[in-house]
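S.K.: Okay, here's what each chain looks like letter by letter:
Number of protein chains: 2
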Amino acid sequence: MLGNSYANQNCSAARALELVGERWSLLIIRDSLFRGITQFGSFQKSLGIATNILASRLEGFVANGLMEYQVSHELTDQRHYVPTAKAIALKHVIMALTEWGEEWVPDRKGPIYFAHRDCGTRISLAATCTKCGVLPSNLDIVTRPKKVSRTKLAG
Amino acid sequence: MLGNSYANQNCSAARALELVGERWSLLIIRDSLFRGITQFGSFQKSLGIATNILASRLEGFVANGLMEYQVSHELTDQRHYVPTAKAIALKHVIMALTEWGEEWVPDRKGPIYFAHRDCGTRISLAATCTKCGVLPSNLDIVTRPKKVSRTKLAG
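If you read the sequences in order, they're chains A and P. Each residue of the first sequence is one higher than the one before, starting from 57 at the first, in the working numbering. Each residue of the second sequence is one higher than the one before, starting from 57 at the first, in the working numbering.
Rather than coming from a laboratory, the hints here were simulated on the basis of the structure. Please read all numbers here as calculations on a predicted model, not as lab measurements. Don't be surprised by glycine CBs; every beta carbon is placed ideally from N, CA and C. If a hint is listed, it holds; no wrong ones were tucked in.
Cβ-Cβ distance ranges computed for the label pairs, FRET-style:
1) P:P201 - A:H129: 29 to 39 Å
2) A:A63 - P:E159: 15 to 25 Å
3) A:I144 - P:F96: 30 to 40 Å
4) A:S180 - P:A119: 22 to 32 Å
Residues from chain P that face chain A, not an exhaustive set, calculated with beta carbons under 7 Å:
5) N66
6) S68
7) A145
8) F170
9) A171
10) H172
11) A183
12) P201
Put together the whole structure using the sequences plus the hints.
M.R.: The following block contains the structure:
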């Protein structure tokens, strides 16, 4: 998708944005995951974007393993774009964006909430500290390097 | 930022992407929130992007309340871009993207993990159902309409 544009960024968020960071990508994924849309025409109607851009995004998703083609009727070649587990795993990204938009762009709140399918209870993202048993505030969420090299430990 | 490009999308995720969905935006926010970068030159060095694009993004963040200017020395006009609470609230978005990249683009994992500042314990995002006490799988996270209109209920 974004090719090697973020190639110098040693960062998994940048890796993610290489695949889903282009314009409209995450809204196409949203339609796929939460609105059950699978057909080109339905995506186009939902999003109102140029067909060449939509085609490019969908083909990119297929090329990168986020969607798979399924053909419902061979004669009509009715093609469906079905999300893979790789795409379905983006639900937390969509949720995080939605929750932020709900809180910080409150004049134009969206019409949905996220729910547990089994019981309908509203769910939201949280990052709990399993050691302290608390929900760290955003200020208390930090990054740490994964490893300290043995050389540094020895030195 | 993206202006009214997503204006027809009645969706808080689209609202969020209007402010942080342009190329490089979320990586600038990442540098601001997790690497403590505040100065134009430091962002430029970290990201390696064109100065006009970086300037446009930073000015957009200030215009949209995501960052504030602070001047450290009036004589040298050393300008700092400091994230507001609105930007700091994007940590879940950065985390969600990073966690997805870690899992699904595993050949190029990033060098950091997210931790609770107080104790250093690794933390990750989760969406718990408070009623059922379970972590719904991604397949079991769905959207529901916020309200059923009274007319429909009456009808």
